[in-house]
Amino acid sequence: MTQRTAVSIDPITLDIIESALKNARFEMDAVLYRTAMSPSVREQHDEFPMITDPDGRMVVGQFGSYIPELLKDFGPIEEGDVILMSDPYECAGSISHLNDWMVIYPIFYDGQRVGFSSLFGHMMDVGGPVPGSQPQHATTIFGEGLRIPPVKLFERGKLNESLLKLILHNVRTPEMNRSDLMGIIAGCRVAARRVQELCDRFGKETYLAACQELLDRTRRAMAKLIRRYIKEKKKTFIDWVDEDGLGNGPFKMQLTVWREGEKAYFDFTGTSRQAPGPINFHINEGLMKMFCGVYLIMNTDPQILFNDGFYDLFEVILPKGTIMNPEFPAAVGNRLNTHTRMFDVLSGALGLHDRQLGMAAGYGTSPYFVYSGRDRRGNYFQLVELLFGGIPGRPHDDGLDGHSWWPLFTANATEYLESYYPVRIEQYYPRRDTGGPGRHRGGTGILKKYTFLEPGEVSINDDRHITHPWGIWGGRHGGRSYKKLIKRDGTEIELPAQKDFIRVEPGDQLLFCTAGAGGWGDPLERAPHRVWLDVIRGLVSIEQARDGYGVVIDERTMELDERATEELRAKMREKRGPLPDFDFGPRPEVIPPSEWQG
Amino acid sequence: MAYRLGIDVGGTFTDLLLLDVQSGKTFLVKTPSTPQDPSVGIMEGIERICQVAGLSPGEIAQVLHGTTVATNAVLEGKGARVGLLTTEGYRYILHLARSWTPGPLFGWIIMKKPEPLAAIEDTREVEERLSPTGEVVRPLNEEKVRRDIIDLRDRGIESLTVSLLHSYANPVHERRIKELAAELCPDIPISISSEILPEFREYERTLTTVMNAYVKPKVRSYFLNFERKLREAGINSVVNVVRSDGGLMTLRAAQDRPVYGLLSGPAGGVVAAAYVGRLAGHPSVLSLDMGGTSTDVALTRNGQLTIARETKVGYYPVKSPSVDVQTIGAGGGSIAHVPEVTGALRVGPQSAGADPGPACYGRGGQEATVTDANLVLGHLPPQLVGGEMSLDVDAAHRAVERIGRRLGLDVHQAAQGILDIVNENMFGALRLVSVERGIDPREFALVAFGGAGPMHANALGRLIGSWPVIIPPDPGVLSALGFLISEFKNEFAQTFIRVMDDRLTLDEVLSTMDRLGEEARQWLIEEGIPPQDQDIRFNIDVRYYRQGYEIPLDVTHDQLRREGLASLKRRFDEIHHQLYGFIPATPMELVNIRAIGVGRIKHFELHKHEPAPGEAAEAIIDQHRIYFDGEFIPTPIYDRSRLGVGHQLTGPAIITQYDTTTVVLPGYQCTVDEYLNLLIRPQT
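Taken in order, these protein sequences are the chains called A and B. Per my numbering, residue 1 is the first one in the first sequence, and the count goes up by one each step. Per my numbering, residue 1 is the first one in the second sequence, and the count goes up by one each step.
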C-alpha cells in the first residue's frame, strides 16, 4: 500500500468530497450514453463505472474494484496510459466474459497517482464463430472471440493505432466498438478531471485522506450491519442453474452463510463442478464481497456509500473447478445465468438469517436475442437485444412486471428497432399468471413477438425454463420462460432456452417469453380488490385468482364476490398446513428430492 | 395607458408584477395563494396592485400568466381519468414503461413506481399498423375503434389519448380516430400523439400525450374560470400563458396543449435571469432559483436559453420543449440529518415544507433545516425588515445543536456544515448545466433569486467562479418579471432520420425547412402577430449514425444554401470533439428538423435609476456579530430599500429586504447598478 501522510479531515469536507465523487460517477454514465453507438450501451445502458483510490480500491461505483489484482503483475503505469482488457482469466475475474471491454485510467496529480477511473461496457460483438459473440456451443474461452489481456491502448497519451486496428479487425461491428470504446475512455477522462479539480480545491493530501476515510466509514457501517443481521449459526441455501447450452444440467449452487466475530462468511462449497458449456462464472473475490455487501446495504440503509472499505469483513470461499470458479480455459460467455442464480441463493441464505433480507427469485438471468444477416441491399445487420422479466415480490410492494433486474438498463423502443433493423415487433406484453401469488405479487415475465423481414440467423439465451423462480415467506413460485418459432406456414417449433444458428426467413416469427418472479408473503393476505384489479388488467387469470389467492370473481360480470372470497379463503386456510418459507414449485425429475435443500 | 401584468401562481404565494410599458416602472404585490380556487388569490392581488399603481383594471392591456395547476395535478395524482388507444400489441406500453429500474445494484428493492396515468383497463388496442417510413402495413379497422371509443366513454373516461406506432411518420390513422371520437363523444377532449409530440420512441411520445390528456380538463376549467373572473373585473385585455420553454401561447393553445406549460414558473425565472443579466452587461448567466423545498438551476449563453427536449415531472419523463432546468431537492426547508450507520451529515432531499417548516418558524418543526442553520450563524436576521414574521432563534439553536452532537461539532460548526453541504449539492447542479456540457462557468455571471437564493449566492459564486453574482431588486418575484418579457413561441418539428450521404440532397432538407417554416408562419398569423414582429428560426438535431443522443444545431436557409450540408458536419465534429475528445468515423445523421416561430412582443426596458446621493453606510440599520467560515465577525446589516445606484459596500455584510436576505462574505464587495441590482465580486 502507498504510504500516506496523516492528514486529519473534518467531517464536512469529507461529505463534500463524497458528494463530488458521486456526481463524477454519474457524469461518467452521461458522457458514455451520449457518445456510444451500440444499442446495448446507448439504449440499454449495459455499462459500469468506478473511481478508486491510488491503490485501486473502489471509492464510488457499482461493482467493486478489480484493480488491485491487476496492479500486482502489470508493471509501471504512467500518466497518460490507458489500459484495456477483456479476458476474465487475465484479471482474476474482474470482468466475466469477453464482451465486456474494460478501460482503466490512472489519475495523476502533480506527477503522483491519486486514483483510477474505470468503466466497462458490453460490446455488440467481439468476434468468434457466432454474431454477438456468446456462442452456446463453446467449450473453451478460445471459442468465444477475441481475448484482450491487460494492454496499454494509450501509452503516455499516445494511442497505439496498430493495436486498435488489430482489435477492431477481429470484430463484426468495428465502428460501433470503436465509438463505444472511445466513449468509455471519454467517461474515464471526465472522472479524472473531477478528481484533479478536487485536489486543486482541497489539496492532494486532504483528498487522499478523504478517500481513506470514506473507505473506513463504510467499513464501520458494514461492521454494524453484519453484527445486526448475520447470525453465528450456519444457514445453507441451494438453487439450480438450468442448463449450459450443451444439454447438461441442472447445475447446483449451494451457499452457506455464517458469522464469526465481526466477520461474515460466504461459502459456496457444495456447488457443481464447472460446466462443459459457457455458463461458468469466473468471479473476482472482491466483486463477490461487493455483491454481498451491496445487498445488505440496499435492504437496510440505501444511503450508505458502498465501496471497497469493508472487504476484510467478508470471507468468500469459491471452490476451484466449480461453476463459481472455473479453471482456465473453461468457456464463460453465458455466465449471467450463473451470476444471477448467485443473487438468488444470496437472497435465500441471508433471508434465513433475517427475514427482512429475504427476497423472492426473479426472472433469473439476462435473456438475450441476436438477429443477424444481410438485407436486400447487401448491408450486414446485427441486432443484439437484452430482455427483461419479473422482478421479485418485495417487502414493501409488488414485484415489477417486465422490468430490469439490472440497474439503469432500459428496453429498446420498438420504433427504434424497426427503424434500424429488418424486424417488426408485433406484441410486447406482460405474461399473465407468471407473477407468483403473494401478499406482494411477483412481477410477470415478458412476451415479445418478433416478425422477421429478412432472412437471417437468430441466437437466444434464457434460463428458468426448467426450474421456477421461487416465492418466499408464503409467497408462491412464478412462471417459467419459453420460446417458440412460428414459421410463415404456421408450423410451430418449440425452442430450447439456449440456441444459436436458428435460420429464419421473411415472415417467420419468434415468440420470446421470459420468466416471472416469485411472490412475497401469504397470498391470502392480499387485498381482494388488488387481486381483482390484476384480473381485469389481464395480469392474473380468474383461475389463479381463485386457486392462488382465494379470490372469487364472477366470470360473466367480472365482479368481485366478497362473500364467496371470504368463505373460500377460510376454507383454504383451514386446509393448508403451516406456510413454507420457500415455494420452489414442481421440481424437475433430474434433481433428486434429497438435493433440494441443504 | 399600456400596462402589462405578470401573474405567477406558486404553491405558497401568488406574485403579481405590473409594468408601465411607457416608463418601464414596475409595481409588485404578493398575496397568499388559494389552492382551492387560485383565481380568488389572483383577483385579490389584482385589486391590490391596481390600488398601488393607481389605475383601473380596464387599463391593463395584457395579462401574462404562469401556473402550477397542471404540474400539481400530476404530482398530486389529481388529473382526469384518461382513456388510451394504442396500436395492437401495445396495450401495456405505459405499464411496462421502458423496464427501467434505478441504480445502484438492487436499486429495484427500493423503487417506487406510480400507477400509469392511463389505467390498463381504460386502454384499448387499435387494429392498424404503419411502417417506420409511414406506409400503411395494416389498414385501420374503424368499426372496432368506434366500439372501443363508445365503450371507454360509457366507462366514464374524461379525456382521450390516441398514440399509435410510427404516427410521427404518418398521422393518417390518428387523425381519422380523432374525427371518429369527435363525432362519438364531442364533450371529451382528445389528444393525439402526432400533434403533441411528432417524434420517434413510442413510450415517451405516448406518455407525453397521455400527460397532456391527464391535465387537460383541469387546466381547461381553470382557465375558463380565470378568464371569466378577469372579464367580470373589467379586464378585457389579451391573456397569454407562458410555456415551459419560456415562450407565450394563447389561452386556447394552453387549454389544448397544457403539457407545453407544465414548467411555466421555472421558465419565467430563467427568462428573467437572462434579461437581468443582459441589462447588467452580462448576457451569459447561470441562474439559481432557491426556494423552500427545491432549487432550479439553468444556463443561458449569450442571451440564448438552453432548451431541453425532455424533462421530468415526478417519476414521469415528459418530452416537451422546456427551459433546461436542473431541479434538486435542496432549499431553505431541506432537513439536515445524520444517519446512524454512517454518521455522515446529509441535507435533504426531505423538506420541512411550509408546514411545520423549519424549527425557527415555531410551528412545531423539530428538525434542523438550512434556514435554521442560516439563522444560527446570523446570515438570516431574526427579524425581517418588513417585521411581519419573527423567527425563534432558540428553537433553531436546539435543532442544529442536536445535529452537532451527532457529529462532535459545536452548534456553529454544525450550522456551517449544513450550509456547506447544501451549497455543495447546488454546486453539483450548476456544474451539471455548465462544466459537464463543456462550458466554462467562469465566463458566466450568476443570477440568484427565490426566497433563499441571495443568502447562498456569494458562497456559490465562490465555488463555481462565476462573477459577478447578481441579485435583482425583487428576487422573490422574478418569474413574474420573466412572463412580462416572454415572446410568442411555438415549435414545428419533423422527425427526419437520414444519414448524410450522397442520397441526401440539400433540396430535401431545405424544402422540409420551408414547409415547417410555413406552418410556423401560419401559426403566427393565427396568433395575430403582425408581420414585422414575426421571426422564424430553424434548428436541426444531428448525431453520428447509431448514436442515441442528438445535438441541435442552429441553421438558416441562406447559410445552408451557401455552405451546403457539409458545413453541418464540420460544426458537429467540432462540438463533439470539444465535448468528448473524439470524432467517430461514422457518417453524421439528421434526426429532427425544427422551425420555431417567434412573435416578438413590444420591446421595453426596465426603468433606469439615477445615481443616488450619499453612501451605502447610511443604509446600515444594525450591527451583529456573525459567523463566517469559523469565526465571529462584526457585521453591518443594511436595509436594501435605502441602497441606491452607485453605492458600494464590502463584506461581511447582510442586506435585508421585504422577502429575502443577501449575504456578502468577507473578502467580497457589492455595488448597486443603475437597475438596482446588487453585483457581488471578489474584493480587488
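Don't take every hint at face value.
With a straight-line cut-off of 30 Å between C-alpha atoms, the simulated DSSO-like cross-links for lysine-lysine are [to be verified]:
no.: 1; chain 1: B; residue 1: Lys112; chain 2: A; residue 2: Lys22
no.: 2; chain 1: A; residue 1: Lys449; chain 2: B; residue 2: Lys569
no.: 3; chain 1: B; residue 1: Lys569; chain 2: A; residue 2: Lys158
no.: 4; chain 1: A; residue 1: Lys231; chain 2: B; residue 2: Lys218
no.: 5; chain 1: A; residue 1: Lys224; chain 2: B; residue 2: Lys112
no.: 6; chain 1: A; residue 1: Lys449; chain 2: B; residue 2: Lys113
no.: 7; chain 1: B; residue 1: Lys144; chain 2: A; residue 2: Lys449
no.: 8; chain 1: A; residue 1: Lys233; chain 2: A; residue 2: Lys252
no.: 9; chain 1: A; residue 1: Lys204; chain 2: A; residue 2: Lys158
no.: 10; chain 1: B; residue 1: Lys113; chain 2: A; residue 2: Lys22
no.: 11; chain 1: A; residue 1: Lys22; chain 2: B; residue 2: Lys144
Source of the hints: derived by calculation from the structure; they are not laboratory data.
TODO: For the pair we were handed, lysine 569/B and lysine 158/A, check the Cα-Cα distance against 30 Å.
DONE: holds, 26 Å
- [ ] Compare the distance between the alpha carbons of lysine 231/A and lysine 218/B with 30 Å, and conclude whether the hinted pair is satisfied.
- [x] The hint is violated at about 56 Å.
Open item on the list: Please verify whether lysine 113/B and lysine 22/A have alpha carbons no more than 30 Å apart.
Closed with: Cα-Cα ~24 Å, so holds.
- [ ] For the pair supplied as a hint, lysine 449/A and lysine 569/B, confirm whether the alpha-carbon distance does not exceed 30 Å.
- [x] Status violated; Cα separation ~38 Å.
Task: 30 Å Cα cutoff - pair lysine 224/A, lysine 112/B - done: Satisfied, since the Cα-Cα distance of roughly 27 Å is no more than 30 Å.
Task: Pairwise hint evaluation, lysine 449/A against lysine 144/B, where the allowed Cα distance is 30 Å at most - done: Judged against 30 Å, a Cα distance of about 23 Å means the pair holds.
Task: 30 Å limit on alpha-carbon distance, applied to hinted pair lysine 112/B and lysine 22/A - done: Roughly 22 Å separates the two Cα atoms, so the pair holds.
Open item on the list: For a C-alpha distance cap of 30 Å, please report whether lysine 22/A and lysine 144/B respect it.
Closed with: violated, 52 Å
Open item on the list: Please verify whether lysine 449/A and lysine 113/B have alpha carbons no more than 30 Å apart.
Closed with: holds, 26 Å
Task: Given hint lysine 158/A paired with lysine 204/A - CA-CA distance at most 30 Å - done: holds, 26 Å
Open item on the list: Check the hint pairing lysine 233/A with lysine 252/A against an upper bound of 30 Å on the C-alpha distance.
Closed with: holds, 22 Å
When the structure is compared with the earlier hints, violations turn up for hints 2, 4, 11 and for no others.
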